[in-house]
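So for the sequence shown, the UniProt record's numbering puts the first residue at 1; every next one is plus one.
No wet-lab data here; the hints were simulated from the structure. From the three backbone atoms N, C-alpha and C, an ideal C-beta is built for every residue, glycine too.
Okay, derived cross-link-like pairs now, DSBU-like style, lysine-lysine, Cα gap no bigger than 30 Å in a straight line:
hint: 1; residue 1: Lys381; residue 2: Lys273
hint: 2; residue 1: Lys273; residue 2: Lys329
hint: 3; residue 1: Lys251; residue 2: Lys273
hint: 4; residue 1: Lys381; residue 2: Lys276
hint: 5; residue 1: Lys130; residue 2: Lys21
hint: 6; residue 1: Lys191; residue 2: Lys251
hint: 7; residue 1: Lys329; residue 2: Lys251
hint: 8; residue 1: Lys251; residue 2: Lys381
hint: 9; residue 1: Lys351; residue 2: Lys191
hint: 10; residue 1: Lys329; residue 2: Lys351
hint: 11; residue 1: Lys276; residue 2: Lys251
hint: 12; residue 1: Lys276; residue 2: Lys329
hint: 13; residue 1: Lys251; residue 2: Lys351
hint: 14; residue 1: Lys191; residue 2: Lys381
hint: 15; residue 1: Lys217; residue 2: Lys227
hint: 16; residue 1: Lys381; residue 2: Lys329
hint: 17; residue 1: Lys132; residue 2: Lys21
hint: 18; residue 1: Lys351; residue 2: Lys381
What follows is a set of in silico ranges between Cβ atoms, one per label pair, in the way DEER data are often shown:
hint: 19; residue 1: Glu226; residue 2: Leu255; range: 42 to 50 Å
hint: 20; residue 1: Arg56; residue 2: Pro112; range: 28 to 36 Å
hint: 21; residue 1: Ser259; residue 2: Met280; range: 24 to 32 Å
hint: 22; residue 1: Thr253; residue 2: Leu232; range: 25 to 33 Å
hint: 23; residue 1: Pro112; residue 2: Gly163; range: 30 to 38 Å
hint: 24; residue 1: Thr253; residue 2: Glu284; range: 31 to 39 Å
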Amino acid sequence: MEAIKKTCKKGRHPLRNLSLKWSFGLYALGCLAVALALSMSVTLVCSRLSGDLYDRYEREHLADISREGSLLVDGEIVDHLTMYTGNLYSYYTPEDRRLHRLYGRLTILAYPLSFGLSIALSGVVFYRRKLKRPLTQLNQASERIAHGDLDFRVQGENRNEMGRLLDSFETMRSALAENYRNLFRMMEERKSVQAAFAHDLRTPLTVLRGYSDYLRKYYPEKLPPEKVRQTLCTMDQHISRLENYVSLMGKITHLEQTSPHPVPVFLPAFCEKLRKTGIMLCGETCFHMRVEGGGSAAFDPELVERAFENFLSNALRHARSQVLCDVRKEEEFLLLCVEDDGPGFSPEALKRAAEPYFRDGARDGEHFGLGLYICRILAEKHGGALELSNGANGARVSARFRLSPQK
Numbered sequence: 001m002e003a004i005k006k007t008c009k010k011g012r013h014p015l016r017n018l019s020l021k022w023s024f025g026l027y028a029l030g031c032l033a034v035a036l037a038l039s040m041s042v043t044l045v046c047s048r049l050s051g052d053l054y055d056r057y058e059r060e061h062l063a064d065i066s067r068e069g070s071l072l073v074d075g076e077i078v079d080h081l082t083m084y085t086g087n088l089y090s091y092y093t094p095e096d097r098r099l100h101r102l103y104g105r106l107t108i109l110a111y112p113l114s115f116g117l118s119i120a121l122s123g124v125v126f127y128r129r130k131l132k133r134p135l136t137q138l139n140q141a142s143e144r145i146a147h148g149d150l151d152f153r154v155q156g157e158n159r160n161e162m163g164r165l166l167d168s169f170e171t172m173r174s175a176l177a178e179n180y181r182n183l184f185r186m187m188e189e190r191k192s193v194q195a196a197f198a199h200d201l202r203t204p205l206t207v208l209r210g211y212s213d214y215l216r217k218y219y220p221e222k223l224p225p226e227k228v229r230q231t232l233c234t235m236d237q238h239i240s241r242l243e244n245y246v247s248l249m250g251k252i253t254h255l256e257q258t259s260p261h262p263v264p265v266f267l268p269a270f271c272e273k274l275r276k277t278g279i280m281l282c283g284e285t286c287f288h289m290r291v292e293g294g295g296s297a298a299f300d301p302e303l304v305e306r307a308f309e310n311f312l313s314n315a316l317r318h319a320r321s322q323v324l325c326d327v328r329k330e331e332e333f334l335l336l337c338v339e340d341d342g343p344g345f346s347p348e349a350l351k352r353a354a355e356p357y358f359r360d361g362a363r364d365g366e367h368f369g370l371g372l373y374i375c376r377i378l379a380e381k382h383g384g385a386l387e388l389s390n391g392a393n394g395a396r397v398s399a400r401f402r403l404s405p406q407k
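Given only the sequences and the hints, what does the whole structure look like? Please build it.
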């Protein structure tokens, strides 16, 4: 309903959408027409008032300054003449003389004053009706952005240059707001990752500290060699776990700084490469792949491959006997889906499995809970998104990667 009202309003005021140069031209023509009418009216009124003043003195004093005479040619009268011996202006009172001079000056100044005022008036009216409101909006919007406030909208009423400028400013504001939201979300996730990282480091560090104290206290006199070997193996496992933690943190930091580099990719060849990777990781009888569509598309193949490998790693931990993969183009996206025949996602996992360091109760305790989080970062970096669901047989993970226009 609101859109209909706006359309109706625009239909009733088509001149609002004229460009600024045409609008100013119309305002100027209108004001010039008013100036012409005003100057002609002033001239006409002044001429009439001056004529009335002259007629009044002519009736009263014409006989005093005129003499009747005749024109003779060869002694014959050919015409009658009226001879004036004075000027009616000399009979004007001081007040009437001032009025006579005023009427003359107004007649002379009517045109330049009227047209000068019309030009100034057209500029003032044009500014107030076409420029003042959008400039005020831009000024207020820039002040709010300067103070870090992006929770507003800039909306132009007209479709002229100022309206398009406001629309461009709104596009910039919405892009800034989206970037700020993404930055805030990344900062919060980084805090969450760091907190979880610090928490998970405590267990291996505590174990290493305990075994270190244990060896220092009982070795070499009181511990048999086999016990020492077992203790060292356990310590080595926890050291490897710490190394994996540090490596994963480095990968996450690198991913946050990575930008996709789209290149033209021939989809059948790329999907064949994914199929070989899936067979190598899952086995030929366990992995099944379906591809829809062909041709070429522009995307970053390395980012998509990394997401695919993480999908397979996640599916292999839960699959009973098979992993299914679908690859297809959907309009401006490349869709990559991996489904396993395991128990599926729990309700809590459906909400939080893509968060950093999330572990479902059924998961392996050695798993860090970063695989799907990394996949989500990869998809979002490529202009897409990650979606978790439960399919007919088990868990289903889908990622969309935005395709770039091909040159």
